[in-house]
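These protein sequence lines map, in sequence, to chains A and B.
Quick note: the first sequence uses this note's numbering, first residue 32, plus one each step.
Quick note: the second sequence uses this note's numbering, first residue 855, plus one each step.
No wet-lab data here; the hints were simulated from the structure.
Ideal placement from N, C-alpha and C gives every residue a C-beta, glycine not left out.
You may find that some hints are simply not true.
As the list claims (entries may be wrong) - Short derived list, chain A residues pointing at chain B, Cβ under 8 Å:
(1) Asp62
(2) Gly66
(3) Leu117
(4) Gly121
(5) Leu134
(6) Val135
(7) Leu138
(8) Val143
(9) Val145
(10) Ala146
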Amino acid sequence: MSHSGTGPVVSFENVSKHYGSLKAVDGLSLDLRSGETVALLGPNGAGKSTSLDMLLALRKPTSGKIEMFGSDPYHAVKSGRVGAMLQSGGLMPEVTVLELVTLVTGLQPRPVPVATTLRRAGIESIADQRVDRLSGGQTQRVRFALAITGECDLIVLDEPTTAMDVETRQRFWASMKEEVAEGKTLLFATHYLEEADQAADRILVINRGRLLADGTPAEIKARAGAKQMSFRLPGANEPFLLGLPGVTSIDVRGDVVHIQTSDSDATLYALLDAGYRPHELEVGGLGLEQAFLTITAEDDRAGDTAGAPQEARQP
Amino acid sequence: MRGTLLLTRAEIMRLRRNRRYMITTLAFPVVLYLLIAKSAKATVYGVDFAAYYMVAMATLGSFSAALTGNAIRIAQERKDGWVRQLRLTPLPANGYVVAKIIAAMAISVPSVVIVLLLGRFYGGVHLAIGAWITIAVVVWLGAMTFAALAIAIGYRLQPDQVQPIALLIYFVFLIIGGIFFPLKGALQSVGKFTPTYEAVKIATDVAGGASVPGNLIAGLVIWLAIFSGLAWLSVRATAETV
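Let the hints inform the model, and build the full structure from the sequences given.
Below is the structure:
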């Protein structure tokens, strides 16, 4: 750990990136602290990739300020403090895996032995193969290997396990844990929610370029409405159910009712007090995936409402 | 600096493995020279045909190495994301472009040397040692213009656009630059402004013992400045899209 001082590893201060009228990132502020494993969650087009691109000095923010290790992103990247793997990153063709890993290791001010990198990325067996003749999953592992060729302090990964099979994915996270155990900070974007749930100790949910939620996986789930209730209730009255205490959303299909609620006890007692007697009652915790969908769907609804008067003004 | 050198070494290794690249830069001028050098007995640009054709083929080899392969490879590597990947490493920002130029220049050395050796031992060209070295250096350094042009095209265009456009520019400059046949009359009045003609003419003037006109050297320098400027603009314009 050579992170100097106690300041954040990464900080975004009111960062925006606009492409014409499209606000890909819209006033994003966040801090990453040393040693954290942080998952960046968001639907397609939420601004994840643009945010990572700006963090890695591939794009410049329209406004706002990004700092990494107290300097600007470009110098942080060029000083070898960041190892990164992006979906859009490619490999140099016409060389072997070993030659490529050796080359990129040579670019690092604090290189990791090539043999260690090959082992951690699980690519020892394909070291002598030509880079342009690898399968999708093998290519992904080589790209990961390039991200860990230096003794960096921050690892940034965009959708790291795409194109990996289940076993490779598990091996990948095992080797990732080795890196994090050395005290590195890890930031990864993913759309596999169970991965974020298992690997991250902090989750950032972004949608439409803004930070919607920031907390531990448990906090994110709690924020979305912690519990899911389901029961059978013939003739259920939707407006009445929505008005029950704690209820955040309902879904009625025939006689079967699904409710998301922040306080399942209060919801249930109010239902019983009103004289209803539901059958087949089940109460359970909400998965991260449902929490994520709830949070982003709420935000999209809020965005639609906010946008409505503008649309109405158009001739 | 060390990173740029490592990348340059890797680029040269890749080029040497690429058979098509080696054929166009090495075999093409050698075969043409063997076929054509002795087919005419004429004096061209003040020297024997065999000497003119030796200079022309050495220019063909070095200029080809600098342009055709590099432009397409740069466009492809940008599309594939390798250029983007390199930007995530500690390699200096200009390291990729510098490595491409040095590698192209290095890989063109053998074709220049081999064609000049053929000129001496097959074409019967006799020159003083100083003239040989000057010719080699002129033909080789002249290709810097095309190396810069390759960066300008490769950074600006998609891979499928690069192939036809690079080939078009390449053949126009080769033909009106007097690489395949010497220029006369109207064609020469236009062609004398091309970097290919300027490189060949400077080298034949050296071979013929004539003094080299300053405007030819100035012409090459101006082309280098124009193409370098275009390359710089292309790299800058695409900084956010690699």
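Consistency of the hints with the structure:
1. Asp62: violated, 22 Å
2. Gly66: violated, 22 Å
3. Leu117: Where the cut-off is 8 Å and the nearest Cβ of chain B is about 7 Å from leucine 117(A), the hint holds.
4. Gly121: Because about 3 Å separates glycine 121(A) from the closest Cβ in chain B, which is inside the 8 Å limit, the hint holds.
5. Leu134: holds, 5 Å
6. Val135: Holds - the Cβ of valine 135(A) comes within 8 Å of chain B, reaching about 6 Å at its closest.
7. Leu138: holds, 4 Å
8. Val143: violated, 13 Å
9. Val145: violated, 13 Å
10. Ala146: Violated - the Cβ of alanine 146(A) stays beyond 8 Å from chain B, reaching only about 18 Å at its closest.
Going down the numbered hints, you'll see the structure goes against 1, 2, 8, 9 and 10, while the others check out.
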